[in-house]
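S.K.: Sequence:
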Amino acid sequence: MSLSALHIENLAVKLQDKTILEDFSLNLNEGDILCLLGPSGCGKTTALKAIAGLMDAHKGTITLFDQLLKKNSYELPPEQRDIGFIFQDYALFPHMTVAENIAFSLRHLTKQARLAQVEE
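Under my numbering, the sequence shown has 47 at position 47, and the numbering climbs by one with no breaks.
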């Protein structure tokens, strides 16, 4: 039996008065691969941002390997979720290599620890 890696139940996200996601649920087991596919504006990026904690969900539950990330008014802060997120648009520094972009986000580590983390 596989361990549930990501469990989302009845997730809902609103921006101002517009509902972006409503009753979004999924269960992803360890080792599974997920592809969110749909037209522009259907909520794919919103779902990913809510999972990472970069966007507030007003309803629903998110659990990652049995760690509660979101339920009712409880929200684990993004920096405590241990989730990496790279946007598909120009959020990266175009003048830097991939390794330099990754290292830039690890400035809180020593240089040696940054290099080891980037290498990993």
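These are calculated hints, taken from the structure and not from any lab test. If you're wondering where the values come from, they're calculated on a predicted model, not measured in any experiment. Fair warning: there could be bad hints in the mix.
[Unchecked claim] With a straight-line Cα cutoff of 20 Å, these simulated PhoX-like cross-link-like pairs (lysine-lysine) come out:
#1 Lys-49 <-> Lys-14
#2 Lys-49 <-> Lys-71
#3 Lys-59 <-> Lys-49
#4 Lys-71 <-> Lys-111
#5 Lys-44 <-> Lys-59
#6 Lys-14 <-> Lys-44
#7 Lys-14 <-> Lys-71
#8 Lys-18 <-> Lys-44
#9 Lys-18 <-> Lys-49
#10 Lys-71 <-> Lys-59
#11 Lys-111 <-> Lys-44
[Claimed, not checked] Label pairs and their in silico Cβ distance ranges:
#12 Gln-67 <-> Leu-109: 35 to 45 Å
#13 Glu-119 <-> Ser-73: 34 to 44 Å
#14 Asp-56 <-> Glu-119: 28 to 38 Å
#15 His-58 <-> Ala-116: 21 to 31 Å
Each residue gets a CB set at the ideal place from its N, CA and C atoms; glycine is no exception.
S.K.: Could you run down the list of hints and mark each one as holding or not?
M.R.: Now the hints, each set against the structure:
no., hint, in the structure
1, Lys-49 <-> Lys-14, "13 Å, holds"
2, Lys-49 <-> Lys-71, "16 Å, holds"
3, Lys-59 <-> Lys-49, "14 Å, holds"
4, Lys-71 <-> Lys-111, "37 Å, violated"
5, Lys-44 <-> Lys-59, "17 Å, holds"
6, Lys-14 <-> Lys-44, "14 Å, holds"
7, Lys-14 <-> Lys-71, "16 Å, holds"
8, Lys-18 <-> Lys-44, "15 Å, holds"
9, Lys-18 <-> Lys-49, "17 Å, holds"
10, Lys-71 <-> Lys-59, "7 Å, holds"
11, Lys-111 <-> Lys-44, "35 Å, violated"
12, Gln-67 <-> Leu-109: 35 to 45 Å, "23 Å, violated"
13, Glu-119 <-> Ser-73: 34 to 44 Å, "40 Å, holds"
14, Asp-56 <-> Glu-119: 28 to 38 Å, "35 Å, holds"
15, His-58 <-> Ala-116: 21 to 31 Å, "39 Å, violated"
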